[in-house]
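**Q** Each chain is listed here by its residues.
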Amino acid sequence: MAEQAPGVRIGGLTVVYKTPAGELPAVRDVSLTLEPGSITGIVGESGSGKSTLALSLLNAVQPPGRISAGSVEIDGLGNVAALKGEELRKARGRHIGYVFQAAQNSLNPLKTVGKQLLDLGRSHGVEDLRGLVRDAKELLGRMGLDGARVLDSHQHELSGGMRQRVGIMLALVLNAHLVVLDEPTTALDMITQANILKIVREVHAERGLTTLVITHDIGVVAEVADRLAVMYGGRLVEQGPTREVLGSPSHPYTKGLINAIPRLVGDIDEARALPGRPPTLATVPKQGCVFRERCALRMDVCDTVDPEAVAHGPRIVACHAVTVKEHA
Amino acid sequence: MTVIARRLAGHLARGFVMILVVATISFFIINNIPGDPLAARFEKLVEQGMSPEAAAQAVKVLYGFQPDGTMWQQYVDYMSGLLRLDLGESVTRPGTPVLDVLGEKAKWTVLPVLAGTLLSFLVGIILGVYAAIKRTGKLGDALAISGSLLHGIPQYVLAMLLVVIFSTLIPLFPADGPVDILFEPGFNAGYIGSLVEHAVLPVVTYALSAYGGWILAMKSSVVTVLGDDFILASELRGMKRSIVFRYIARNAILPLFTILALSLGLLMGGAVFIEKIFNYPGLGLLLIDSVNERDYATMGGAFLLITVAVIVANIVADLFYTVIDPRVRGGEEAA
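Protein sequences appear in the order of chains F and A. Be aware that the first sequence starts at 1, since it is given in the numbering used here, and climbs by one per residue. Be aware that the second sequence starts at 1, since it is given in the numbering used here, and climbs by one per residue.
Calculated from the structure, these hints are not laboratory results. Even for Gly, the Cβ is constructed at its ideal location relative to N, Cα and C. Certain hints may be false.
[Stated by the list, open to error] So the derived list for chain A, only partly shown, Cβ under 10 Å to chain F, looks like this:
#  : residue
1  : Asp-229
2  : Ile-231
3  : Glu-235
4  : Ile-243
5  : Val-244
6  : Asn-251
7  : Phe-303
8  : Asp-325
9  : Pro-326
10 : Arg-329
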């Protein structure tokens with residue numbers, strides 16, 4: 001079993017959704033490597049396909065969606081995209097922990113957290129249920145909660161921040177070493193957000209995890225992630241070390257995103273919102289670059305040829321303009 | 001447990017007041033209905049040549065009372081009788097207490113309607129889960145359509161259809177009353193067998209006509225729960241299918257208990273069409289007959305019985321929620 005932080009290699013992943021207009025890609029030809037022990041952040045607007053990508057890691061894309069091409073190789077598990085049935089169920093929770101957005105109710109409202117913990121243990125054939133409860137209390141205590149009390153509570157008796165910590169506990173209690181956090185701080189107040197991010201960082205380091213954080217909030221990735229991947233219209237347009245990408249963005253979309261953030265110092269009007277709107281499943285261009293409609297650097301080639309993801313040192317960028325500049 | 005006890009005490013107090021209010025209202029309404037069965041009897045006797053004094057005496061002997069005194073006095077008499085569970089005597093069945101009449105009729109209503117309700121509830125919720133899970137497939141469509149269809153057919157049409165098919169064309173089941181009079185009433189195989197045989201068609205009618213509502217309600221409730229985040233969350237945590245299924249079922253069935261409790265409360269109102277068509281001398285027919293015959297005491301008793309049943313059903317439902325839904329429990333503690 002993967003007692004060490006596992007590496008993850010996503011290769012050429014395409015996820016399509018069945019619609020009346022045919023099967024449309026929500027994630028297209030995405031390749032991404034999560035180094036063992038790293039925290040990777042994926043940022044993108046709503047509808048960019050980042051949550052779909054996160055679900056693909058557990059082969060849990062919900063119908064009418066399906067993984068139509070590519071693979072998700074996880075150390076110790078093999079290609080998750082090919083797993084089925086019981087094998088897949090056992091991998092979830094045991095090897096891959098998934099933490100939901102705090103605003104979502106990820107707990108059964110009729111059962112106490114403790115009873116759901118026991119259900120989880122039984123589902124995964126844990127024999128030492130007392131030990132499981134002990135681990136859960138320890139984890140909750142580690143996150144600043146009164147473990148015994150939380151286990152005895154129902155969802156409606158917990159605050160958003162507490163629920164989120166319960167979610168993290170449930171994702172880690174079976175000793176999963178790959179953790180996916182989908183919008184972990186959305187809908188939390190700033191103080192709780194900072195707390196949760198601190199917990200994510202610390203638990204990540206203590207337990208030796210490989211972590212993937214999905215968010216629309218660049219501040220969150222800046223705070224926790226070693227590597228950053230930017231998604232747009234189902235494509236990964238740029239990825240690289242967080243500091244580099246934020247410090248000197250290459251892709252025009254990344255630049256636009258960063259220019260849109262208001263600064264604490266300086267004129268508020270310096271923040272420029274990106275013109276236009278992100279494409280939806282139905283309006284994503286079939287050929288050419290997905291970002292060209294909103295791009296200031298648009299060229300003829302962008303209309304016809306989908307830019308390939310090209311490595312520039314530790315950075316991978318999918319943009320004709322950037323590639324041309326390099327070669328010029 | 002103290003929470004439940006406190007809730008129960010509150011409910012009982014409120015229920016008691018409600019019963020008194022309903023009894024008061026029905027007393028005054030019934031008393032103001034034009035026509036007076038005792039006066040009618042008195043006049044009939046006078047017409048037959050009896051002297052007014054003798055006729056008055058005869059009526060008094062027959063019914064054990066003569067309504068003199070103010071309405072206020074009668075009201076006090078009625079209410080104090082109520083507190084002793086004395087609903088008075090039936091007007092059309094002189095000498096028989098209304099309570100006995102109600103008890104005698106209630107069994108022919110409670111048995112088939114209760115059996116029909118529980119049967120349809122059970123079948124409806126189980127098939128409702130399948131209708132929800134398979135809602136994109138043919139099975140789901142078929143189940144939903146069956147629900148809408150049966151929900152739409154009036155009960156009496158269904159009843160007559162069943163009588164024609166299973167009693168007349170293919171004489172499988174009788175439709176001539178609740179039991180064969182050949183058998184000695186009591187706990188013997190012949191009598192019970194006859195009871196069951198006679199109950200099949202009414203129960204099936206009731207179950208079929210109620211089933212549509214259950215399956216549709218359960219289907220929409222399950223679809224709502226399936227869309228809840230915690231179901232996906234449970235799957236992503238690798239919970240066993242059987243456990244996830246229990247999560248879905250328990251959450252989806254919750255709102256249906258209110259409907260079940262209410263329909264069980266209304267059960268005492270009887271099912272007039274079914275009782276008429278299958279010759280069941282139940283509460284529905286009793287109520288209709290007592291209205292036609294101006295049997296005020298029986299009418300009042302029947303109304304009261306329905307009231308009490310609905311109130312009790314509501315109390316039971318509420319206490320039940322306190323037990324099964326932690327959010328209701330918590331709400332009481334905070335209040």
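**Q** Check the structure against each numbered hint from earlier and tell me which ones fail, lowest number first.
**A** 7
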